[in-house]
Every structure is written in structure tokens, then in C-alpha cells.
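Protein chains in written order, with our numbering: chain W, 1 to 143; chain E, 1 to 876.
By construction, these hints were calculated from the structure, which means they are not laboratory data. Take the hints with a grain of salt, since some may be wrong.
What the hints assert, rightly or not - With a cut-off of at most 30 Å between alpha-carbon atoms, the simulated DSS-like pairs for lysine-lysine come out as follows:
1. E/K438 <-> E/K407
2. W/K129 <-> E/K189
3. E/K21 <-> W/K39
4. E/K189 <-> W/K110
5. E/K367 <-> W/K11
6. W/K11 <-> E/K359
7. E/K187 <-> W/K129
8. E/K218 <-> E/K286
9. E/K75 <-> W/K110
10. W/K11 <-> E/K187
11. E/K367 <-> W/K39
12. E/K281 <-> E/K359
13. W/K39 <-> E/K286
14. W/K39 <-> E/K438
15. W/K39 <-> E/K338
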Amino acid sequence: MGIRFILMVNKQGQTRLAQYYEYLTLEERRALEGEIVRKCLARNEQQCSFVEHRNYKIVYRRYASLFFLVGVDNEENELAILEFIHLLVETMDRHFGNVCELDIMFHLEKAHFMLEEMVMNGCIVETSKANILSPIQLMDKAS
Amino acid sequence: MNPFSSGTRLRDMIRAIRACKTAAEERAVVRKECAAIRAAISENDQDYRHRNLAKLMFIHMLGYPTHFGQMECLKLIASPGFPEKRIGYLGLMLLLDERQEVLMLVTNSIKQDLSHTNQYIVGLALCALGNICSAEMARDLAPEVERLLQFRDPNIRKKAALCSIRIVKKVPDLAENFINPAASLLKEKHHGVLLTGIQLCTDLCNISAEALEYFRKKCTDGLVKVLKDVANSPYAPEYDVSGIADPFLHIKLLKLLRVLGQGDADASDSMNDILAQVATKTESNKNAGNAILYECVSTIMTIEENGGLRVLAVNILGRFLSSRDNNIRYVALNMLMKAIALDSQAVQRHRATILECVKDSDASIRKRALELVYLLVNESNVKSLTKELIDYLEISDPEFKGDLTAKICSIVEKFSPEKIWYIDQMLKVLPKAGNYVKDEVWHALIVVITNASDLHGYIVRSLYRELQTAGEQETLVRVAVWCIGEYGEMLVGNAGMLNQEDPITVTESDAVDVIETAIKCHSLDLATRAMCLMALLKLSSRFPSCSQRINDTIIHYKESLVLELQQRAIEFNYIIEKHQNIRSALVERMPVLDEATYSGRRAGSVPAAVSTSQGAPLNLPNGVAKPTAAPLVDLLDLSSDEVSAPSSSGGDFLHDLFGVDLPPASSQPGGNHAQKSGTDVLLDLLSIGTPLAQSTSMADMLSSGDENKSPADILDKLGSPSGPPSQASPPVGSSSMMDLLDGFGPVSSVPENNGPTYPSLVAFESSSLRVTFNFSKQPGNPQTTYVEAQFVNKSPNAYSNFVFQAAVPKFLQLHLDPASSNTLPASGNGSITQKLRLKNSQHGKKSLVMRIRIGYKINDKDVLEEGQVNNFPRDL
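Please model the complete structure; the sequences and the hints are all you need to start from.
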């Protein structure tokens, strides 16, 4: 319900992070990712951030070289999801400090942990950056 | 330690993969790593498990199969250290899903972790459970989760709340247990817990009606208060997003209020104030503010009627529509679709803006706007709206054209005030986007055209003009060709001019030109070209001066490699050359197609077998759908007075001819009629080469139009040396056919001779030949007479190639069975018998009369004898 999947894809179409909240086989995932990314990459700046694909909507935004795509149900508030994407980016920025694509790639687990704190089972859990980052910071200190 | 174990760190592996230039290289690297990981797993390598799993996750993200790593996850989860558990759970969630049986094994680990002292581990377990638990796991672990809903740590509470959502979704029966705890969550201060608590309540309301009731009664006021607090709260750095405190919470609250207020007046009343406050006070220059406003409008639209609020909402939407930000406009269009149901007046005010959006450069906005416009159409604005849409059709993208065309056509169909306007609009759409027009649409158009009899002239002239310029649009060509065929003489004669028309001179040969161009055009498909042939046939009757030219064109298609065109060409050519007298009756004007039955049939979407719908395929056994065979049969049904429906499909005919089950004597005369007519036709085809074409009665010819198709195939199947039905079929072939048919001779229906008997009659007598008729009738059927003709040779020479032909006036129907032989021995040593059947539609008023013609060869010399039989008994 709500969010179906979250993807981070770079401009060449390579997936940097993928989190699915519903079950799809590997082939389905790759096909889906390919289709959606092609659609989003083809759009320009002036066009709106919402794309309709099959029975869900994709809300996307480009930050530097990375596209953040979130697939949602038809009933979800799209503007809120846009805000959520921004929140995610800000959280990662706070943790990694000037986050870039390479940070996400080389610290994939941390990115996943952060995302997990924020979204569970397709619903937004936590929106406070401090609360999200505290367990992760604890873990870093302990290891 | 294995020296080849995955000594590479995650980051090195990633670097290696990134350095690959081709996909094959990448696959090689990944394969190597996977092999190393598998080796490490099988050795139960403790040290690098963490790293291996991280690598596996990366590989999985790239899209390679990684199921060998699943047991590793389990082992990691079971280990005591936090980092291992962490990565184990992460791997669990990424690499597995709820359908795998491996998941069951984790249940125990999760259970233990849920009771762990370290709250972070509890959090981990809850997270994992919340993301992928299955129904059985949910049932097992529900009590644990319930307990955790009241845990001291808010983080755990919030995770437990989300976990409960999943549990409740998987096992709806457990919903009751969670209602009370959920209600208490709503009183929390911690935003995270509040957020998830609200989410839980919303889902509970959706799943269980009693939960809905409970929350409505108890919690609505509390929720309103919470929303008020949040909206009025001072700056809170933690949850602040661009100046607004926790917009996510706002939105979730509004959503829950929506669910609670829907359908319930009291709840809606209590919400009115806060909704008004949120709607007016929220700043809309930031996205966060707009998100809240959007949700607010959505809620206002859903809860019970409140005029003031509704007006407020529509105003907000209007503001959104004129915003320059595409996202906002998109969202507004979306919302307006729902608003239309409630207050269409308000939405009509924004019609102009919406029309602009249809032409926007952004595909998503265009789509939404088009749907909205479709909902907005009513009788008063249909003309202007359609004009705009059609203008846009010209310049729109190809992907969009299909949608746009479909919408325009349905708007026009539903709301057209008068026929001429409907036809005009369709005439504009067809040249621009004919290829996107669906079949039902142009069928409906034809139905309307036939009904608008005063507009026929106008229609056909307009179509002619359009065809000159846009000859590649399939549908346009089909409709135009059909109309020119039907109303050709109006086109040429400028009949029925309307006031606003310019006169146009079209000669007959121009009209024929147009159709010939269409038929030669290779980009048009088979059905269209078949229709062109049909139209040419019609024109050959209506424009006698062009008949020869049309005939030449049709002859050209007799050698076409396409079966459909070839068959049609042959049949039509035959009609033109040999059957001039019936041709005009054959191609008379189509009757007015009944719109009611057509639309009823269309709604039922049953392909009509015969009559009306032109596009309905006729289901013939040779499997080729012949769309416009239907009108042909239709015309036949109409123009022949006595309809002995030749709808016994060719299948029966095939069946009969191959002699499998010869119809028993008790079969209907109608069935035999078909059978005989079939064999007659067969004879007909074969004897085409002989100068004396055997003439059958007109009714035969008409009804055989249907079965003509099958004989062609039968000839093919029999592999007779005549090959494709060409004009000159060798006598060898015909004699073999004759034999087969002769085999049928005795099978043809033997009429029971228990009717009134009639004296036999010498129909014709000359110095060399005598023809005797013996009559019989079936008791219940006074109109039909069975005649057995006997031919006796009076001369000393034998006759060969003996052929008997007969012609009867219109009110009679004649059937000839094959003769017993075609050699007549000399001097009455033998005789030829042939059975005829006569059906008199004017039985009692007119008696039978017949012209006969006998041809034979005597000493290699052809002889022809003719006569008229007038002396039939009166009461026959």
C-alpha cells in the first residue's frame, strides 16, 4: 500500500539502490526498471514530475546525476511523495556530508538502513532526521 | 583460510565492476565473486560473512540471481552480534520475499529477537517482520507485536504500529485486537508514533467496519484537536519542512479524517472548522504547503456536503490550475475529475483553462486534461469543445492521437444535436486520423449515413473531396468508397445540394477513377480493396457508360494472388457479363439500417451473421471472413421474392458433395434445394467453356451467390486439372465431376408419388427428338411440381453431348438435376431422363410455361433445337 518501490538510478540507467515493497521476480524488476527509467530520462525539466505507468504512478526528481523514483498507488498524494524524496536526500546529506552517487554506491548498506528507518512496508514511518539517524550513528560508533 | 575466499572488500568489488567496459566483462567479474562467495559459504567462513552478504546485495541489485545466499542470511540473523544481525536482516528483506519457504525458518529467530533486551535488535526484528512477514508468521507473532505497542521506547512503538498494519492486512481477523491499542496511540506526543498510529487507524478503518465505527465515535474529536495543535504549533526544528511543521503528519491526519468523515454527517461537521482553517491559512508558495492543500481539498470533496467548504476547495483548485508549476497543474486536474461529480458548474467555469491543458507539451498533463474534458462535455458546449479538439488533432503527437480520436468519436456520437453536424465532424476526423478510428465507430457512421437520406448527396460529395486529398487514411477510404458505390449517381448528378455547398462537377469516369486509385493503392489492406471491388460492381450498374471499363478492371483482378479479391473479381465479372438482367436488382440501394438494432447488437458485440452491420464477418467453413459478403446476401434476400434462404452454409454443401451422409429422403425440400443448387452451380462452372451455357433460373443464380465460394474451393481440393477456376475447364475434368454428380442423380429427392397424379405430357416433339414430361407433386406442397423429363431419340444416329436447357418466367423457379447421361442412343433404344423441379409462386393464378432448348452433337455436327412448352396442365 502507498509506496510500491523506491529506486535510485543514474543518468546512464544503472540502478544504484532498489527497495521493493511488493513482490516482483528478478526479470519483472529489470523490465520495470528499464521501462520506467527510459520514460523519466526522456522528459525534460519543464515537464511535471509525475509519470503514469501501468497501474501506478511514478514520482521522480533529479538530484545532480541521480534520479530518485518512487512508485506509488493511484490514491497517494503525489506532492507529499515529492516532499518525502526531498527528505530522504536531506537525511542522506546530513549523514554522509555532501552526499553524492559514489557515497551511496560504496555504502549501500547504510543507505538501506536509512531508508528502512524511514519507510516500512510502503508507509512513511519517521520524518525527523534526528530520529532516523540516531540508530545508524550508534551503530557506527559501536563498530 | 581459503586463499581464494572473497578477500576483496566490498568497495574493491564495486570498483572492479565499475571498471568493466562491457556487459560480458561485468558478468565475468560477478561470476567470479559469486563463486568465491559460494565457496566461503560452503566452508562456513565466519569472518567475512558480513562482507559477503553486502556483496551479495550489491550483486542482487544489479539483477543477478543470488538465492544461494539465503541461508547465509539466516545464519547471520542467528548470530549474537548486532552488526551481523543488522546485515542479516537487511539481506533477509532484500533477497527474500514472503513466498519463500525459507522464511519459516526465520520465525523462531525473530521471535527471540522480539523479546531481546537490546531495543535496537527488537527494532530490527520488527522492521523485518513489518516488511515481509507472511500470514502464518503474522498469526504466530501477533501477540508479541501487540505487547510491543505499549513499549516504553517510542521508536519501538512506532515500528510495532507499522508492523501491526501488515499483520492486520495479512490476517484481517486479528483486527479487533488492535483497535484499542491503536486508539491509545493517537494520544501520543511523539510525531513518529503519531504518524504510524494514524496510519494504523486508517488501515483498520479500511479493513473492518466496526473499527471504523469505533474510531468515528471516540476519536474524531481527538484527531481534530491534534490537527489543530500541529497546524498552530510553533517552529519545531525537527519536523520542520520549509516553514511548515511536519507536513507529513498534516497529510496523514487529513487522510484519516477523510476516511472517518465519509458518509457520516456528524463527523463531517466537527471537522469543518479545522478544514477551513487549514485551507485558508496554509501557505501555498512551497511544495509542502501545496501538498497539504491538495490533501485538504481531497478531504473536503469526500466528506458530507458543506457548501462553503466546497466553494473554498474549488477556488483552491482554480488557483492550482493557473499555476505555472506543472506538478501543481497535474494534481489540480486530477482533483477536478472528482470534483465534477459533485459540482460540475464550478468546474465548467474553468473549461477554457482545461482546454489549454489538453494542448500542453507535457504528456501527463495532456492525458489528464483530455479525460477531464470528456467528463465536461454536455449538450451546450459540445460543438465548441469538439471544434477545439479536432483542431488539436491535427498537430498532436502520434501516441496521443489514438486516445484523442477515440474520445472525440465518442463525444460526437453521444452528444451530437443533429445528424448533419455528426457527419461533418466525422468527415473532419477521418482525413486527419482515420487510421486510429476503430471499427465500431465507422460502422456506426455508416448506419447514421443510411438513415440520413436527405443528406446522401452532400455526404457523398464531401467524401469525394476528402478522398482526393487524404487517400491513405484507411477508414476514410472505406467509408468513401462505400458511399460512392451506393450513391454514385448523386455524386455525378449533383443531387440534393445543400445551401452551403459549392457545386462540384464529377463525371462518371472521375468517380470510377477514384475507386480504381484506391484499389491499386498498396498501403490499404484487404478489406478495403474488397470493398472497392464491391463498389465497382455497384457503379457498373449505376453508370452503364463505364461498365466496360469497370469490367476490364475487374477482369484484371481475376488473376490476383489474393484469394478474396480473386473470388470477388470472378463472381462480379460473371454477373456483369452474363447476368445483365439481374445486375441492377442485385446492387440496388441498401435499405436503411436500423440504428436501434445496430446499437443493440453492438452493445452485445455479436457479429451478425447476415444483414445490417457491414463489418460483421460471415462465418464460412473455409475460414475466410468476408466482410461485405453480408450486404450481397442481404441484397439477395431482399430482391428475390421467394426467399428459400440459402443460408445452409457451405459446410453442409461440402458435406453433401463428398457424399458422406447423403441427406435422407425426409430432408426438407429447402435442404435439397441447396444441395441441388450447389450441384447445378458446379455444373455451371464446368460447362462455362461450352458455348451453350446452361441457364438456371434466376433464383438459383441468386442463391448460388452464397455457395459459389465453396465450389471454388472444392475444385481446388479435388485438384481437378482445371486449377483455379478459369474460363476453360477441360472436358476431362468436367466428366469426372459429372461422374461424381451422376452419383447424386438417384439421390436427389424422390418425391413421394402419393400426390394427385397428372397425365404426362409431350412437351416437345420434332423429327429427331421427343421430350416427355411426367409430373408429380408432393401432397402438402401444391406450389412445387416435380417433373421427370424423358428424351427419346427418333433418328437413326446417336446423339452425344446432349444438353437440355430450360428457361422460365420470373414467377417460376426451376431446378434441373443432372441428366442420366449425355448420350442418347439412336432410334429410341434408350432414353435420357432428367429431373426438374418447378416452383410456382403464382400457383393457381398462372400456369406453368417454359422455353426449352436442346443441344446435341450428331456426327460431329452441333445441332440446336428450341421450343416452348405451353401445354402444361392448368392446375399444375
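Against the earlier hints, flag every one the structure doesn't satisfy and list their numbers going up. 8, 10, 12
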